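> Below, each chain spelled out in residue letters.
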Amino acid sequence: MDAAVQSIEGGFADPVFNAQTVFRAVMDAMARPGSVQPLPAFARPPAPLSATAGAIALALCDNDTPLWLDPMLQTSAAIRSWLGFHSGAPLANTPADAHFAFVAMPAEMMALDGFSQGTQDYPDRSTTLILQVGDLVLGTPLLLEGPGIETSAKIAPARMPRHFVEQWKQNTKRFPRGVDIILATADGIACLPRTTRIKTMEA
Amino acid sequence: MTDIATYNFAYLDEQTKRMIRRAILKGIAIPGYQVPFASREMPMPYGWGTGGVQVTASIIGPDDVLKVIDQGADDTTNAVSIRAFFKKVANVAVTTDTGSATIIQTRHRIPEHPLTAGQVLVYQVPIPEPLRFLEPRETETRKMHALEEYGLMHVKLYEDIARHGRIATTYAYPVKVEGRYVMDPSPTPKFDNPKMHRSPALQLFGAGREKRIYAVPPFTSVVSLDFEDHPFEVQTFDQPCALCAAENVYLDEVILDDHGGHMFVCSDTDHCEKRREEGHRGHLASETHLAPGNMEPAQ
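Residue numbers (the UniProt record's numbering), protein chains in the order written: chain B, 1 to 203; chain Y, 1 to 299.
By construction, these hints were calculated from the structure, which means they are not laboratory data.
Note that the structure is a prediction, hence the values are computed from the model and not measured.
Glycine included, each C-beta is placed from N, C-alpha and C at the ideal position.
Treat each hint with caution, since some may be false.
[What the hints assert, rightly or not] Below 30 Å or equal to it, Euclidean Cα-Cα: the simulated DSS-like pairs (lysine-lysine) are:
#	chain 1	residue 1	chain 2	residue 2
1	Y	K88	Y	K274
2	B	K169	Y	K143
3	Y	K156	Y	K176
4	Y	K176	Y	K211
5	Y	K274	B	K199
6	Y	K176	Y	K143
7	Y	K211	B	K173
8	Y	K143	Y	K156
9	Y	K176	B	K169
10	Y	K211	Y	K87
11	B	K199	B	K169
12	B	K169	B	K154
13	Y	K176	B	K154
14	B	K173	Y	K274
15	B	K173	Y	K143
16	B	K154	B	K199
[Stated by the list, open to error] Calculated from the model, a selection of chain Y residues having no Cβ within reach of chain B, i.e. all distances over 10 Å:
#	residue
17	A84
18	A93
19	A168
20	Y171
21	K176
22	L225
23	F232
24	F264
25	A285
Build the full structure now, drawing on both the sequences and the hints.
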């Protein structure tokens, strides 16, 4: 398929209700870290941007939110024009300028502290990371605690960033500054807001 | 659906919803922090719940069941008109039953019926900044939140004790969320503060005029500020509800005549009606009031 057609097709079939469904899934996942919220494939972005990550982009991003794409996504002209056509979001010059960052290869991504952390006065001015992960059960288990979790929660995302537990500890220590993470699999999402503490890492 | 064709679903345009949705997500990620947002003009005056309405409009979907309460009551002007608004612009199911609602928009009360996981409580907030009456400058209050400098609030509570012998703040009683941000729980009576602590429901706060959104995720610590020798206490009532005999609920005083006659009734009308349906009788409940289908609200 040629790039022009690829960039136009694959948006929300029903923009109002699809965006609401995607947002509610993200909101519920953010409010209950570690819970996996199922999400049907509403969007069909060009590979390697996943359907779930694409749907999140369409639901949350617009011309107010500069995006950062990891090198793998950045190289694809089809993805850039698909996001541009459907969301109108500009691309950020640096990760620190991005409101949202989309990462297709979390295992090779840059450090979390390279993204905008917000300021002490405005901690909301931080980057929200959308990581495309293979699944949430086969990876290294993470035991989660914090707001939104009654006692503890467990997810096991596969192919996470290097030294993730250590990086996340530092992220939690920066509170109220810090990044929030949305983990996107093929059919669901889970979130790690900056308040979530990774308690232990089981082997 | 034809009658909503002139509006987008839930009144707001999609770009506004995205902006509010992003603010809600940040609010959830930073519990108690007031996220600035570009509040819109709504078809109702500021002070009538425009913040809460914008939050509800941004989260609501066709499958949601909406309940709206005003000071606990489902049948007062603000509650009725907001419920009618969403019925019209979003065509959603509405209810007065706390248990079956998925979204509850509230003005100044938390329902007596315990909330459950999956429910969202949306508060209408007039003044989101708990420090505003102590420090009028936004630049300063923002710095105080940034530096976690809340001494002024404790001084205010201490001055209450010095003047009145007790903490005299009875509503909008300041709370600390997850040990970090001091937050205004909106002008709910302090009676409701303990219900916020580790509530299974998601709590969202919208202040339309002041352009702030904040949130308390489920199972989040919400502690009312106090002193060791003056611990936080909720209001107590020395008589039960006059209609349903409920104890340990928040009561409103209702004036009955011009000779000083008055009674105390549940502020939560849904709770009161349910109890009367179950057969509970207060000392002023007459049999005519109790016939099914003739359950006139207390006010």
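> CA of K176/Y to CA of K154/B, is that 30 Å or under?
27 Å, holds
> For the pair supplied as a hint, K176/Y and K169/B, confirm whether the alpha-carbon distance does not exceed 30 Å.
Holds, at about 23 Å.
> Has the given pair, K154/B with K199/B, been kept, meaning a C-alpha gap of at most 30 Å?
10 Å, holds
> Tell me if the straight-line CA distance from K274/Y to K199/B falls inside 30 Å.
43 Å, violated
> Can we trust that F232/Y is non-interface, i.e. its beta-carbon lies farther than 10 Å from all of chain B?
At roughly 21 Å from the nearest Cβ of chain B, F232/Y sits farther out than 10 Å, so the non-interface label holds.
> Would A93/Y pass as off the interface with chain B, using Cβ distances and a cut of 10 Å?
16 Å, holds
> Holds or violated: are the alpha carbons of K211/Y and K87/Y at most 30 Å from each other?
With Cα atoms ~25 Å apart, K211/Y and K87/Y stay inside 30 Å; holds.
> Is K88/Y close enough to K274/Y, meaning Cα to Cα at most 30 Å?
27 Å, holds
> Given the hint that K173/B pairs with K143/Y, does the C-alpha gap stay at or below 30 Å?
19 Å, holds
> Please verify that the nearest CB of chain B lies beyond 10 Å from F264/Y's CB.
Non-interface label stands for F264/Y: nearest chain B Cβ at 35 Å, farther than 10 Å.
> According to the definition I'm using, a residue is off the interface if its beta carbon is farther than 10 Å from all beta carbons of the partner; does A168/Y meet that for chain B?
Non-interface label stands for A168/Y: nearest chain B Cβ at 31 Å, farther than 10 Å.
> Tell me if the straight-line CA distance from K143/Y to K156/Y falls inside 30 Å.
With a Cα-Cα distance of about 18 Å, the restraint between K143/Y and K156/Y holds, given a limit of 30 Å.
In summary, the numbered hints that this structure violates are 5, 14.
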